[in-house]
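**Q** Based on these hints, arrange chain Y with the ligand on the given structure of chain W.
Those protein sequences? They're chains W and Y, same order as listed.
With the numbering used here, the residue at position 217 of the first sequence is 221, and numbering never jumps.
With the numbering used here, the residue at position 32 of the second sequence is 81, and numbering never jumps.
Errors might be hidden in some of the hints.
[As the list claims (entries may be wrong)] Mimicking EDC-like on lysine to aspartate or glutamate, the simulated pairs with C-alpha atoms at most 16 Å apart in a straight line are:
| hint | chain 1 | residue 1 | chain 2 | residue 2 |
| --- | --- | --- | --- | --- |
| 1 | Y | 61 | Y | 120 |
| 2 | W | 69 | Y | 293 |
| 3 | Y | 258 | Y | 285 |
| 4 | W | 69 | Y | 167 |
| 5 | Y | 176 | Y | 196 |
| 6 | Y | 220 | W | 174 |
| 7 | W | 123 | Y | 285 |
| 8 | Y | 172 | W | 174 |
| 9 | Y | 176 | W | 105 |
[What the hints assert, rightly or not] Chain W regions said to be covered by chain Y (calculated; three or more residues, Cβ under 8 Å):
| hint | region |
| --- | --- |
| 10 | 72-78 |
| 11 | 107-115 |
Because the hints were derived from the structure by calculation, they are not lab data.
A virtual CB, placed ideally from N, CA and C, is assigned to each residue, including glycine.
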Amino acid sequence: MKTVVITGADRGLGYSLCEEFIKLGYMVFAGQFMPEWTQLEQLKESYQEQLQIIPLNVSDFQSVKAAMDEITKCTDCVDCFISNAGIVSREKDIREEVNTEGNLSTFQVNSLGALLMTKALLPLMEKGDKRLCYVSSEAGSISVAHRDGMYGYCMSKTALNMIIRLLHNELFPQGYTFRIYHPGWLKSYMTGAKNEKAMLEPEESARMAALQFVGNRANEEVLKVTDVEGKIWPF
Amino acid sequence: MAVLADKYNMKKRAAFVFGSESTVCRQIIQELTNWGWYVYEEKLQGCTQESILQAAQKVKNDLSVLCESQENLLQSGLDECGHTHDPEKVEKQVAMGLDLLILGNDDELPSIHILENEAAWNKAVEKYEQIINKELLVIHHMLPLLDAGSMKRICYVNTADASINRCYDTKRHLSHIIGAARNMQATILMNRLQPEGYTFRIYACREEKRELAGCYAAEYFIEDRSLEPDNLKHSDECRLIMRDEEGREIPW
Ligand SMILES: NC(=O)c1ccc[n+]([C@@H]2O[C@H](COP(=O)([O-])OP(=O)(O)OC[C@H]3O[C@@H](n4cnc5c(N)ncnc54)[C@H](OP(=O)(O)O)[C@@H]3O)[C@@H](O)[C@H]2O)c1
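Bound conformation, chain W alone (with noise of 0.2 Å):
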């Protein structure tokens, strides 16, 4: 059976791609982020074989360690990564205020959290399918920004296609292959409640992102930013 890490797993995009792997016939190990938040804990009962839910905070050192402990135990190989878990941080106006904590956590889960878990599973992925997956966003492209705030959040995700492409230029000859994902507008959860105003159910972007995840293309050496119906997006 193929194996798939997925962080940030208890709701939103991240649940969905977790539901989707399973039916894929992948061993799934969820990262667990909010055990008060029972949706896992759910589908665990439907498929006690194929899901394992792993307590993991990606911006935590300690947290990623104990994770990684917790995989080891239950097998040796790890196919496909994927890096879901995200932040967003409320931010004022550039002459209002300077959002300096809000900055700091979102590069510290959107960005040097992808980065951290990365390397943590490098040693199981090496006798795996050697994919690298990435949920980052249109708000982390310079080319077509449009926002005239957000300043976290965007420097998060921009940051993170950085640490994307270093890790390309490293891994990619080492037979690593990658994807980087922006899911769409979604009725997630990541202003607290679900975003009723959103366009897409997350299920439905997990759909087309697990598709992109396990299938193959033909210029794997390209790095590229693609949308849910396939579509690229600039750097």
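**A** Positioned in the frame of chain W, the structure of chain Y with the ligand alone reads:
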């Protein structure tokens, strides 16, 4: 230098350079000073929210004293060299504001590879705080002074490797990650401030051209670019571009 001053039709102007300890910024400061600019500076290392606030206050005080003394000179009918002139015909040289804000890069960034250990993680967070957050605070505090200046220009010194499209390096991770985030920061800022008349520059240092980087950057920062009404949509002042020493566009 006199030729340059004529070339750019420069009045006496004022700049604030943040991150002034870097080699590139030292050169930029030298160039601007040679061209007759008033240059204020603040180091990146050890800078705090308090020191930024104090620096802004100092610039404000200094500029108002300068303005006042110039006003007096003009009223007296004498210029700075003691020559008589017609006060009506002399353009007041210093407005009570900053013309240029320059945000330098940290050329001492440690060469952190993929996070090896907790210490590397902590260093990455510390540097992000020190550069990204402090830069935003400098902008926040300097904006009222830039509003009052005549140029309204914000300039970033970055590196060509901050380009996600064309970074081939496998070593100086932290520098590239922070560099890319700074490019996003500049873009959002431009979206926000361009409608208020602000212009932006990002200078991409390349390792090969390090020695004279500051000279190229200073020239690039003060040059205006075409703003023909017919071509406004594609004008260089309406889209943010990172340029190297030869003025070549570096993709994001
Ligand atoms: N929503 C959109 O429109 C949109 C658009 C573009 C890109 N994205 C990206 O899509 C990804 C998934 O977001 P989503 O929309 O599904 O949001 P979501 O519903 O908030 O899901 C993200 C999950 O990650 C968890 N998380 C937060 N901090 C974490 C940490 N330190 N370690 C591990 N998990 C953590 C969240 O927990 P909490 O709920 O407790 O924070 C949540 O369960 C994110 O990377 C986001 O940036 C979203």
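**Q** Taking 8 Å as the C-beta cutoff, is the stated coverage of the region 107-115 of chain W by chain Y satisfied by three or more residues?
**A** Coverage by chain Y holds for the region 107-115 of chain W (5 residues, Cβ < 8 Å).
**Q** Are the Cα atoms of residue 258 (chain Y) and residue 285 (chain Y) separated by 16 Å or less?
**A** violated (24 Å)
**Q** Holds or violated: residue 176 (chain Y) and residue 196 (chain Y), Cα atoms, limit 16 Å.
**A** Violated: residue 176 (chain Y) and residue 196 (chain Y) sit about 29 Å apart, past 16 Å.
**Q** Between residue 69 (chain W) and residue 167 (chain Y), is the straight-line Cα distance small enough, at 16 Å or below?
**A** holds (11 Å)
**Q** For a C-alpha distance cap of 16 Å, please report whether residue 176 (chain Y) and residue 105 (chain W) respect it.
**A** Distance of about 14 Å is within 16 Å: holds.
**Q** Count residues of the region 72-78 of chain W with a Cβ under 8 Å from any Cβ of chain Y, then say if the count reaches three.
**A** violated (count 0)
**Q** When you check the alpha-carbon spacing of residue 220 (chain Y) and residue 174 (chain W), does it fall within 16 Å?
**A** Given pair residue 220 (chain Y), residue 174 (chain W) holds - Cα atoms ~9 Å apart, limit 16 Å.
**Q** With the threshold set at 16 Å, check whether the alpha-carbon distance from residue 123 (chain W) to residue 285 (chain Y) stays at or below it.
**A** Answer violated: residue 123 (chain W) to residue 285 (chain Y) is near 40 Å, above 16 Å.
**Q** Straight-line Cα separation of residue 172 (chain Y) and residue 174 (chain W) no greater than 16 Å?
**A** violated (21 Å)
**Q** Going straight from one Cα to the other, do residue 69 (chain W) and residue 293 (chain Y) come out at no more than 16 Å?
**A** The hint is violated at about 42 Å.
**Q** Tell me if the straight-line CA distance from residue 61 (chain Y) to residue 120 (chain Y) falls inside 16 Å.
**A** Distance ~14 Å between residue 61 (chain Y) and residue 120 (chain Y) Cα, so the pair holds.
Hint compliance for this structure: hints 2, 3, 5, 7, 8, 10 are broken, all remaining hints hold.
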